[in-house]
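Novice: The lines below spell out each chain.
Number of protein chains: 2
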Amino acid sequence: MLGFAAQSLGIQCMFLDPSQDPPAAVAGPVISEAFDSLDALAKLARDCDVITYEFENVPVASVMAVEADCRISPPPAALEYAQDRLAEKQLFESLQIPVPGFRVVDSTADLRQAAEALGVPLVVKTRRFGYDGKGQAILRDTADADAVVSELGGSGLIAEQFVRFDREVSAIGVRAVSGQIVTYPLSQNQHREGILRVSRAPAEDGRIGAAANDYLYRLLTKLNYVGVLALELFVCGDSLFANEFAPRVHNSGHWTIEGANVSQFENHIRAVTGMPVVEPSLYGFPGMINIIGTMPFDKELFHKSAAVLHDYGKSPRPGRKLGHATVIGNSISDRDARLTGLQMALDES
Amino acid sequence: MLGFAAQSLGIQCMFLDPSQDPPAAVAGPVISEAFDSLDALAKLARDCDVITYEFENVPVASVMAVEADCRISPPPAALEYAQDRLAEKQLFESLQIPVPGFRVVDSTADLRQAAEALGVPLVVKTRRFGYDGKGQAILRDTADADAVVSELGGSGLIAEQFVRFDREVSAIGVRAVSGQIVTYPLSQNQHREGILRVSRAPAEDGRIGAAANDYLYRLLTKLNYVGVLALELFVCGDSLFANEFAPRVHNSGHWTIEGANVSQFENHIRAVTGMPVVEPSLYGFPGMINIIGTMPFDKELFHKSAAVLHDYGKSPRPGRKLGHATVIGNSISDRDARLTGLQMALDES
Chain A
1 MLGFAAQSLG IQCMFLDPSQ DPPAAVAGPV ISEAFDSLDA LAKLARDCDV ITYEFENVPV
61 ASVMAVEADC RISPPPAALE YAQDRLAEKQ LFESLQIPVP GFRVVDSTAD LRQAAEALGV
121 PLVVKTRRFG YDGKGQAILR DTADADAVVS ELGGSGLIAE QFVRFDREVS AIGVRAVSGQ
181 IVTYPLSQNQ HREGILRVSR APAEDGRIGA AANDYLYRLL TKLNYVGVLA LELFVCGDSL
241 FANEFAPRVH NSGHWTIEGA NVSQFENHIR AVTGMPVVEP SLYGFPGMIN IIGTMPFDKE
301 LFHKSAAVLH DYGKSPRPGR KLGHATVIGN SISDRDARLT GLQMALDES
Chain B
1 MLGFAAQSLG IQCMFLDPSQ DPPAAVAGPV ISEAFDSLDA LAKLARDCDV ITYEFENVPV
61 ASVMAVEADC RISPPPAALE YAQDRLAEKQ LFESLQIPVP GFRVVDSTAD LRQAAEALGV
121 PLVVKTRRFG YDGKGQAILR DTADADAVVS ELGGSGLIAE QFVRFDREVS AIGVRAVSGQ
181 IVTYPLSQNQ HREGILRVSR APAEDGRIGA AANDYLYRLL TKLNYVGVLA LELFVCGDSL
241 FANEFAPRVH NSGHWTIEGA NVSQFENHIR AVTGMPVVEP SLYGFPGMIN IIGTMPFDKE
301 LFHKSAAVLH DYGKSPRPGR KLGHATVIGN SISDRDARLT GLQMALDES
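For the record, the sequence lines run as chains A and B.
Residue numbering for the first sequence follows our numbering, starting at 1 and increasing by one per position.
Residue numbering for the second sequence follows our numbering, starting at 1 and increasing by one per position.
One chain only, chain A, in its complex shape:
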């Protein structure tokens, strides 16, 4: 999707992707090597004016290795924060962005102390390399502390208060080289088995939109950020708590392709290539459903809901995101009816 956005702007891309049949192959040449291949990275740095990434588990060392030879956006520091839940939480705190209470956990004793201080349930996570609900567990009873710590590897963990949120939203913003910042209306997100399933926009209700934007501005400015950043937030009444941020285009913003005058992908490419970014304006009421695990054989089900299918061309695998579909409603109820219809059709297919 970044490649397509770049093409529309007349910018040529090359890609580094170790996977077989990389989806990006439709938009330019692909170097099929590991993210830490020094040869591949040197080739990228030699042939490109700027390097960007859309996966926050790219090794920071890889990015550092080419930083002297090629401009890299977003900045590697953002990648470092995003790869360490502790550093990320401390960054939020330093910017006065509210977060659920947390404690560092490197042993069963640490987790017991955390449970005492913060109460249960607690969400216990590996500090590094977790995504889509992987590398986390819930401690409901202090008696299970040992089992939970063992399950997650014994150390390098963080325990967070379990937030009984009303809903989850994400705030997507983009900062240009010039410092110009624009933001998208909030997306409201629904997960299934830890994986994003549905996003709807706009999810604004006055106060939380303003607060979320304020947090985005603080983060983007503090990191001297260039590109798209997504901030995941819990909404509890009128309060917001930051969950985590992603230094990249975000799944909850995929509706921006059809649902706005400028997609997150175009704005990201604009930012990292030094262009001004564009203030988004929404078309109707967008919604997005992820297609996970298997792609329906009969594509007609998408057309019946007037949904636009994005098929990433990946082979099916349980829990794998194979594509997404966007609907644009004329009203909130029209969008939600289409999403429900499509969701039911997908579940039955």
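Honestly, the hints are just simulated from the structure, not real lab data.
None of the hints are false.
Copies of the same chain look alike in the list, so a pair counts if it fits in one copy or across any two.
Capping the alpha-carbon separation at 20 Å, the derived lysine to any residue pairs in SDA-like fashion look like this:
1. Lys304 - Leu282
2. Lys299 - Ile181
3. Lys321 - Pro23
4. Lys314 - Phe15
5. Lys304 - Gly179
On the provided structure of chain A, position chain B as indicated by the hints.
Specialist: Quick look at chain B alone, frame taken from chain A:
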């Protein structure tokens, strides 16, 4: 735009375009040869599963030369009709699609007789190779018949009644290999100096929409057509008169990229590659402005109107279409206000 649509569907394209810096180069390899180069055509036929065209002045002989070796859609017969205004008018008549009165003109005497039979003013056109208002003149006074005939080459002309239309609309339809047909809501078109300037959709008002669709079905079925076809119509009160058809994606349907769940480009690629076509559903109230002659230096003017710019990357030249911009209004008045604002900004730039 066809190339981008094909890429999104996972279909690889190659292009034949004799122009320097062909816009399609961003979407695949380009053979830079003339449309009648037999070598180039043979290469296309050898390397491709299907050949299509998006310019109705491609020589029919070129298309015929490769028809035996490669599937060609739309059918060459449609190209032949579209290249001869007389054959086209006769086709309309045979399908009982109303057309303005017309006479064949191969001499000054013919034009005088036409003026006597049909009255003045008359629109006099070359029967072949006219587009964007080129190759036509208006006869207001029979005394000018000789001058008008000379100006247009002396023969091979057609004289048509000058229709005092209320508005011009275009009907865009697409037919799949299976015979399945879907149509877009009518576009209402405004020209400036013979070149399409603004299109707005939907331009329906009950009766004319149904009649226009009926004409499209007759044409598509009669021609055993595969792909997108655009029918230009004059609206006079409740009556419709066919002006001409284009056997290709059409400028008045460019708003379908942002303004519908499926663009004319995607539906064309679907049709010519043998896929089912998709029933269009509109997003809000789309409008499109062509950018003609020069591209504004300050692209901010597009963003101020939340317009999406498509810059074809062509060098400026008076009367040349260099790009287009799309707006999606929340209402008819919102769309029209944005179009007016953008039009004024373009005129001043």
